[in-house]
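Residue-level listing of the chains:
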Amino acid sequence: MAMSICAGSIACASAATAADIAAEPPVDVAVTVYRAPTRVHGSIDLNHLNGFALVSETRLVHLPAGESRLRFEGVADGIEAQSAIITGLPDGVMEKNRDAKVLSPAALLAAALAKPVELVRTNRKTGQTVRVPATILSDAGGGVVFRTAAGIEALRCSGLPESFSFEPGGNLSARPSLSALVRSRAALTQRITLSYLSRGFDWAADYSATLSADERSMDLGAWVTLANSNGTGFPSANTQVVAGRVNRENEAVEPFDLGDPILALCWPRGSTSDSPPSELRVAQDSASFSMKRTTMMMAAPAIAQLTATAQHKVVEEQLGDLKLYRVPERTTVAGRQSKQVRLLDRADIPVTTIYSAVVAANEQRTSFAAERLLRTINDAAHHLGLPLPSGSIAVFARHDGQPLLLHESTVRDLAVNEEVEMQLGLSTDVQVAITHENVGVTLPAVTREQVERVQISNARPVPIQIELRVALYDGAQVIRADHPLGSKNGQPMFRLEVPPEGSAALRYQLQYQNQTTIR
Amino acid sequence: MRAAVFCAGCSLWFLASAAATAERTLAVTIYNGDLALVQDRRDIDVKDGRQRLEFPDVSAQIRPETVTLTATDIAIVEQNFDFDLLTPAKLMEKAVGQEVTIVRVNPATGVESREQAQVLATNGGVVLKIGQRIEVLRDDGLPVRVIFDKVPDNLRARPTLSVTVVGTHSGVRHATLSYLTPGLSWKADYVALFDEGSGKIDVQGWVTLSNSSGSSYENAQTLLVAGSPDEAGSDAGPGNYRPVRPRPTLQSPGTESGNRERLGDYYLYPLAERTTIANLQTKQVSFLDVHGVPAEHGYEFQNRWLATSDSALSVRSVYSFSSGAHAGLGDQLPAGILRFYMRDKRGDPQFIGESRIDHTPMGSTLSLATGDAFDVKVKPIVAKRKHISTFDWQTDVRYELSNALPRDVVVKVLQSGLWGDTRITAESQESGRRSADTAEWAVKVPANGTASLTASFESRY
Chain Z
958 MAMSICAGSI
968 ACASAATAAD
978 IAAEPPVDVA
988 VTVYRAPTRV
998 HGSIDLNHLN
1008 GFALVSETRL
1018 VHLPAGESRL
1028 RFEGVADGIE
1038 AQSAIITGLP
1048 DGVMEKNRDA
1058 KVLSPAALLA
1068 AALAKPVELV
1078 RTNRKTGQTV
1088 RVPATILSDA
1098 GGGVVFRTAA
1108 GIEALRCSGL
1118 PESFSFEPGG
1128 NLSARPSLSA
1138 LVRSRAALTQ
1148 RITLSYLSRG
1158 FDWAADYSAT
1168 LSADERSMDL
1178 GAWVTLANSN
1188 GTGFPSANTQ
1198 VVAGRVNREN
1208 EAVEPFDLGD
1218 PILALCWPRG
1228 STSDSPPSEL
1238 RVAQDSASFS
1248 MKRTTMMMAA
1258 PAIAQLTATA
1268 QHKVVEEQLG
1278 DLKLYRVPER
1288 TTVAGRQSKQ
1298 VRLLDRADIP
1308 VTTIYSAVVA
1318 ANEQRTSFAA
1328 ERLLRTINDA
1338 AHHLGLPLPS
1348 GSIAVFARHD
1358 GQPLLLHEST
1368 VRDLAVNEEV
1378 EMQLGLSTDV
1388 QVAITHENVG
1398 VTLPAVTREQ
1408 VERVQISNAR
1418 PVPIQIELRV
1428 ALYDGAQVIR
1438 ADHPLGSKNG
1448 QPMFRLEVPP
1458 EGSAALRYQL
1468 QYQNQTTIR
Chain C
32 MRAAVFCAGC
42 SLWFLASAAA
52 TAERTLAVTI
62 YNGDLALVQD
72 RRDIDVKDGR
82 QRLEFPDVSA
92 QIRPETVTLT
102 ATDIAIVEQN
112 FDFDLLTPAK
122 LMEKAVGQEV
132 TIVRVNPATG
142 VESREQAQVL
152 ATNGGVVLKI
162 GQRIEVLRDD
172 GLPVRVIFDK
182 VPDNLRARPT
192 LSVTVVGTHS
202 GVRHATLSYL
212 TPGLSWKADY
222 VALFDEGSGK
232 IDVQGWVTLS
242 NSSGSSYENA
252 QTLLVAGSPD
262 EAGSDAGPGN
272 YRPVRPRPTL
282 QSPGTESGNR
292 ERLGDYYLYP
302 LAERTTIANL
312 QTKQVSFLDV
322 HGVPAEHGYE
332 FQNRWLATSD
342 SALSVRSVYS
352 FSSGAHAGLG
362 DQLPAGILRF
372 YMRDKRGDPQ
382 FIGESRIDHT
392 PMGSTLSLAT
402 GDAFDVKVKP
412 IVAKRKHIST
422 FDWQTDVRYE
432 LSNALPRDVV
442 VKVLQSGLWG
452 DTRITAESQE
462 SGRRSADTAE
472 WAVKVPANGT
482 ASLTASFESR
492 Y
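These protein sequences, in sequence, are chains Z and C.
Take 958 as the starting number for the first sequence in the working numbering and just add one per residue.
Take 32 as the starting number for the second sequence in the working numbering and just add one per residue.
It should be emphasised that the hints constitute simulated quantities derived from the structure, not laboratory data.
Fair warning: there could be bad hints in the mix.
If the Cβ cut is set under 10 Å, some of the chain Z residues that face chain C in the computed set are [stated by the list, open to error]:
1) T1083
2) V1101
3) G1108
4) W1224
Virtual Cβ for every residue (Gly too), placed ideally from N, Cα, C.
So here's chain C without its partners, still in its complex pose:
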């Protein structure tokens, strides 16, 4: 409370903030899309009658239109958010027409001489009236101190929220100030260690919350909501731009409920203990730690319609696992990034790629691409294009698969772009249809060997 004692002579706004007594509890609810609800419970000292309460220690990015102050036995007259900031230029501007003290310092002797001056104008330079003479402040470059008597009422160091209330009686009472603020957001970060020998993964999940709101939240009870109620703003924010997703990660959505807390259709992740969310801080708290979940490793290659290549292209390396209670992670997975690691020959974990996941219900099957395989490649070749009648085309595609690994692999070859009634008239092995426009073959490629897949398509144009 040293600040309050020192500021005994300060202007009203320091007094007002110091008047709020020490009891204060913060509750912060953070949503995914750069939005948080702050509930600030504190005891305030309200006098009888009309008065202005100031709250200087709210989020610097507060959305003032969302502020609600609730307390017993007060009536709210108005809420104000003042953002006229105290700068030397403003100070001088507001002093136009008023008296200031100027102190001239003799550069040779250091002797000070004081005079009263009236500020006439501040346009480009400061024009002063001293006695009956007009001067431009520091026109000769010599030192002149300007001393003001007081800070104008509306100027502050920080934007400040104030509420004008009428108290029915004086005394300390509980109050809750709640508001929405951007600048706080969270996501999940997962660490998955894949063991090639047993085909199992260990997964740790961390919630990562970050605060760039310009303020710190001391000792706050923190709740994270997996969801973004801010429909309008959620996709527009910087960093939220996501180009077209190249491949779906969710293979089958789950249907298990689990026992996480819910709010409507959102899942809630409360932090176990109160924590301080400092400004410009990224904080991570663990929420998931499972071991030995079976995971499958496979290869996938997707070819666009009529795509042909002079060089062999690496196939995608794909890992799939379940988020279900049985042989899975057994939890809902909030959206975030899953980073895969694998141990090298010395036993040190090495990073092998990452993939973004969306909010994933429990019981889902996820299939995540971590990168490309160095040794497993496919060269797609359009071997023949033939006009068979006015609108019908025959297209022969050959997929040359190669495997430089010392073990057999199976590559899922996907041919997309089979629009309309495109038919496969001949193929070297049977295909499945993932959808009307995508055919799928599982091609076995022997160790250190090659394989070839051919298909003949008939399409209309």
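Chain Z with its partners taken away, still in its complex shape:
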């Protein structure tokens, strides 16, 4: 690289033998966004877009015969250079390079070390400038020492307006650049494809469900919310998102050297009238500003209510073991933007409202609110039967014709035929109390028997279904109960109906040997 210190070597010249060619800007771009691999459910966080994207750009290149360094400008800032693939060059690629050294004041200084520069001094009174030939001796430690014919001085320690004027040369670019060393037998113009993985993207599905007045059915709509936190935008791109967890190995992105600012640090500049510094107040101001900006950034994309009927929806297809959703028409994925495209709209999905509580065998509780949830099955009979990618869900209910928010929760990836449960939060109208009625011990095997009473009260004007899941000691068994014992996912469960504005009671007896672990 010509910018390095290469006094007295031939290398500076030899590096320049390869012609420096910039590929044309992309004529076609495709962006496939993947979710943050660690997030199982929930929506995206615009401050931490931990997903990534596969970007494929079609570009035109004009190569001369022989060796050239083909530069790609305008790639995403979060590019993982080691994932770059270049296809379409007939003679292949000799090597791919990513240079993180970018043009900065510090890089200019470092490159000018021991080389001739001009020192420019401006007279504050007259505006006249004086240019003096100079050599930079050091840029170490944030200070600059230079030599002129007068002797050795330090930059901006005199209180005079002074700066350097550098000679042009060097090929540092504004952003980290991706380039390929290619060799071509003949001059050619070729369409090539550059694809790479880039960080700073994410997406999730944002569902909104609206319950019918009788709470027996709901309408479900969803948006694909995708976001790009890169500074680079992708105009008129073929856009896809992929659902399903893909493996990512934890890899550090290559360093990106912005260069330190030229501080022009000087010798100690204390004076006889030193007063306490005023930086503190400034620092506090900037801190509160940055906090404000953070809260602004955290505002999640609003869950838009669905009003339009004819929406452009994404098209689903199978990609290996993943689901790929294609945005039907080209769209611009701009830098630092979040974007929503319709995922699905389904109406009249039958749902059942269930109340649920865990009754643990080791605790007595006076009274606690049961959880309320909506349950349905992801199949055609329930007007669903399509893969539901993970994300967030907001459940609305109608009140005077207006949909009002009931509860917000999250959804994990749900395949076809899976049971779907949507939480509606705690219901204070349905209270559960647990009492140990009797504990007995039989020796010598230390067999314990315990009688439990569970009281459920319902303040709602309708009958409710409640599921009481029993958390048992390891090895414990329910041996007697006054309601039929069922089970769900291996856990004993009672299902009771509680009359409107009434209550119900359950008594059961369990038996276990003296073990203390709870499963």
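With chain Z held as given, fit chain C onto it using these hints.
Then chain C, alone, in the frame of chain Z:
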């Protein structure tokens, strides 16, 4: 050579570096664990007698204790690595007791007036003695230039390696400077395109070397060594931390030799041409390109002992292939990351996940998990735990498998944690034992259907 001409009046160290003549060849050998051996062959001009040779253009992260300079007809007296850096503050500090020139600039007229001053102290502020008076430099905030006569001997812009030698006669001679430096490392990156129809993969391998050593290596002959001889430092470096590997990728280690160059038990990957490794550069060079290697796609689910779940969990999507000469990649695979791609319905390759591999001998069978299957899930349920005698427990586990794909799949269900003499007393289909503590069942799940596997374990506690 313009720099040398311009610097005709500079201090010794510029002269010394310029004195090294143009002939210079670099050889860089890079190991996996953030370590490189640099061999810098150049012609140096040595005078008769004792002298100091400076090498300003070595790695900024050089390990000075590893430096060796070899040349004919010289004797080495000592090697020094100076890292006292030239800053304005140091310059002033070293001028204490000495004379400097100060130039006062009249802010109204711009008229300059020169005076000689002696620096008395630099503690907090600069105290000067001008004639018979004492002043604090720029106490009034008015512009004052301070001009020094020379740069103190030991101050430099960059840490500098110097070797003091005694030459037996003067003249230009070949010399080799070799040293170890961190900041250079390499790994492999693989691109695998899986074709679902034919069950074959195309694999390209790239070596990725990165340079954060602070220096550039011009036109260097580059050799990559698959191995890390730096035992002490290799695992401690940032970025090398690897948590416990969740599943092994190497199914059976290979026993084929191949024809790669070796160094001891390390494999060598020389780059075909000289290349420039710039500072803060990541460079990739191809070393492997094979097409149509048979690969198998399968599903795997691993359950911990007594793990039970309320929701169905996605199984792992696993690809396996051979690195052998026959129906395989036919090469040793240096450690790195293998990225899998697959074509979508439009024919565009899409990323489907990646997996890290270790140094892999030729002829090995690799099994790499790329991610989770959206449509194939397992819900493990501990259906029953029963105390059958004082120390014996019976545990019934039910694995509910579901498949929303339009084709039959086979899922390998692994139950781990079968410590001690845990026995399977009943099972709905026959199991194999991957190891003493892991049972394995291959369960067929029909298209758009479900399957159930049950097993009853007897364990002691």
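Cross-check of the supplied hints:
no. : hint  : in the structure
1   : T1083 : holds, 6 Å
2   : V1101 : holds, 7 Å
3   : G1108 : holds, 4 Å
4   : W1224 : holds, 4 Å
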